[in-house]
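Participant: Residue numbers (my numbering): 1 to 444.
The set of hints was computed from the structure by calculation and includes no laboratory data.
Each residue gets a CB set at the ideal place from its N, CA and C atoms; glycine is no exception.
Take these hints with a grain of salt, some might be off.
Label-pair ranges, simulated between beta-carbon atoms [stated by the list, open to error]: (1) 322 - 186: 36 to 44 Å; (2) 415 - 242: 50 to 58 Å; (3) 212 - 444: 25 to 33 Å; (4) 355 - 206: 53 to 61 Å; (5) 124 - 146: 48 to 56 Å; (6) 251 - 347: 39 to 47 Å; (7) 319 - 165: 40 to 48 Å; (8) 234 - 188: 51 to 59 Å; (9) 143 - 188: 17 to 25 Å; (10) 146 - 187: 39 to 47 Å; (11) 442 - 181: 18 to 26 Å; (12) 143 - 82: 34 to 42 Å.
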Amino acid sequence: MKTLNRCKLHTRWFTVLTCALLCGFALAGCHSSEDDQLDEYGFSSNEKANYKKTKSLLEEAASTLKSYKLTHEDADLMRLTEEYNALVFSYEDGGLTDEGRKLCAAHKYSVDSLRKAIGGVIEKNLGSARRTLVAEDDHLIECQQEFAFYMPKGTTMYLDFETAGPTDIKLVNADSRATIRTWTKKQQYHDSVQIANGAIYLLEVTPKTAQYINLKVRRNCLSLEDFSKEYNVVEEETECTARDFRARKVQGIRTANIFEEPRKVTLRSQGKALFSGGSRSVVAMTIPAGCTDIAYSLRISTSQEDKGSDGEFCNKFNEKYRKIKFLGLPLYESSKQKSSLFRELLNSSSPDREEEAYCNMYVFTNSNEAKKFSEGTAVSSLKYNVDYSKQGTQSCNDRIPIKGVKTLYFGFENTRVRYSVYLWFESLGTVPTTEYFTKKYTLE
Numbered sequence: 001m002k003t004l005n006r007c008k009l010h011t012r013w014f015t016v017l018t019c020a021l022l023c024g025f026a027l028a029g030c031h032s033s034e035d036d037q038l039d040e041y042g043f044s045s046n047e048k049a050n051y052k053k054t055k056s057l058l059e060e061a062a063s064t065l066k067s068y069k070l071t072h073e074d075a076d077l078m079r080l081t082e083e084y085n086a087l088v089f090s091y092e093d094g095g096l097t098d099e100g101r102k103l104c105a106a107h108k109y110s111v112d113s114l115r116k117a118i119g120g121v122i123e124k125n126l127g128s129a130r131r132t133l134v135a136e137d138d139h140l141i142e143c144q145q146e147f148a149f150y151m152p153k154g155t156t157m158y159l160d161f162e163t164a165g166p167t168d169i170k171l172v173n174a175d176s177r178a179t180i181r182t183w184t185k186k187q188q189y190h191d192s193v194q195i196a197n198g199a200i201y202l203l204e205v206t207p208k209t210a211q212y213i214n215l216k217v218r219r220n221c222l223s224l225e226d227f228s229k230e231y232n233v234v235e236e237e238t239e240c241t242a243r244d245f246r247a248r249k250v251q252g253i254r255t256a257n258i259f260e261e262p263r264k265v266t267l268r269s270q271g272k273a274l275f276s277g278g279s280r281s282v283v284a285m286t287i288p289a290g291c292t293d294i295a296y297s298l299r300i301s302t303s304q305e306d307k308g309s310d311g312e313f314c315n316k317f318n319e320k321y322r323k324i325k326f327l328g329l330p331l332y333e334s335s336k337q338k339s340s341l342f343r344e345l346l347n348s349s350s351p352d353r354e355e356e357a358y359c360n361m362y363v364f365t366n367s368n369e370a371k372k373f374s375e376g377t378a379v380s381s382l383k384y385n386v387d388y389s390k391q392g393t394q395s396c397n398d399r400i401p402i403k404g405v406k407t408l409y410f411g412f413e414n415t416r417v418r419y420s421v422y423l424w425f426e427s428l429g430t431v432p433t434t435e436y437f438t439k440k441y442t443l444e
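From just these sequences and the hints, can you work out the full model?
Facilitator: Here is the structure:
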């Protein structure tokens, strides 16, 4: 009997809808276009747009309703809910003609009738509907991975998980930091969890080895509003201490200026050096304790004028480092990653370059060799670091690894006969340090 009554109800609203639509089409038939007709009926621009939108939705929603009745798929129910929320028509009859009021009344009746029918179907089937929170199919996981989502109080979470090897899973309340449930040492999990508090939750998946997983996390819905509402979780990486919740250790660096201010050096031309000054100069650099690398910036110019960027090398280096360290790049895990990170840091603080300004730079680790260089000994007879020395270099920056060296000596030489050059030399040391980060989750 109940089934018969429901069939009569659906038949009734469908008949009413059909009649209303035919009435609207008949009224529009004698006009050249729908827009012209609506203008003649006194529709405002907003009323016209709303009328055309809901007229199109009537057909779409009726089609979706029919599809859901055949499939009972959650995706169709979600789409039906979206159309239900959009299927609203209202009008002000003050500016409308009699024909316009008739058309609006018939259209509103059609919209409200279909909306009521859809609302009944949604409410009836809401208890069996599931919202998908996580869906990973044939997903490769090599280490612990977490999935964040929000669940309202009183809902039930449904977990379906399959993989080839034993895997541990943990459900954590990210707000209270409490572990809600754990699943260990199995290849399949099909379970449900009652949610006592509305909060952001983390599902931690920890494989024993690299493997592919199939993971689906869903929840039921408490109301039509809950079913249609979007809960977007935003993830942010923040610095923390070792004792903070879910702190992750990252190998990083600490930097310090080796020179408080840029070292300014004047290299006379070969011709002028015969009478006064010199075409060579040596800058000694004391390496800070624990330092594993030094980075330097060398600006070479034909003018003695300072620039606003002079003295900012360390600040720019640190600013760039702060921007990229949240990526969790392990600086000292491998030499390849180390070189890549330093290159990115140095590229952010390249000194101004002049085509006509260049010199030779030699790196010495022995004070006697540096002294001989400053006294004019031929470079060919001196011992210097070939890898990090540069001949005919323009303005540049670079990194030099330090292996037990306490002092570096930079020898600069102007080989030009007529023109003097001026140098601004800055440097910083990097010391390995352990930093801690955690992920902060908020509901958008």
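Participant: All hints, please: hold or fail.
Facilitator: How the hints compare with the structure:
1. Taking 36 to 44 Å as the suggested C-beta distance range, the pair residue 322 and residue 186 conforms, at roughly 42 Å.
2. The hinted range of 50 to 58 Å is satisfied by residue 415 and residue 242, whose Cβ atoms lie roughly 53 Å apart.
3. Checked against the given bound of 25 to 33 Å, the beta carbons of residue 212 and residue 444, roughly 31 Å apart, stay inside it.
4. Evaluation of the 53 to 61 Å hint for residue 355 and residue 206 yields a pass: the beta carbon distance comes to about 57 Å.
5. The supplied range of 48 to 56 Å is broken by residue 124 and residue 146, whose beta-carbon atoms lie about 36 Å from each other.
6. Between residue 251 and residue 347 the beta carbons are some 21 Å apart, a value that contradicts the proposed interval 39 to 47 Å.
7. With their beta carbons about 44 Å apart, residue 319 and residue 165 fall inside the hinted range of 40 to 48 Å.
8. Our hint of 51 to 59 Å for residue 234 and residue 188 is violated, since their Cβ atoms are close to 32 Å apart.
9. In this structure the hint that residue 143 and residue 188 lie 17 to 25 Å apart at CB holds, the actual value being about 21 Å.
10. Taking 39 to 47 Å as the suggested C-beta distance range, the pair residue 146 and residue 187 does not conform, at roughly 20 Å.
11. A hinted range of 18 to 26 Å for the beta carbons of residue 442 and residue 181 is consistent with their spacing of about 23 Å.
12. The beta-carbon spacing between residue 143 and residue 82, approximately 38 Å, falls within the hinted interval of 34 to 42 Å.
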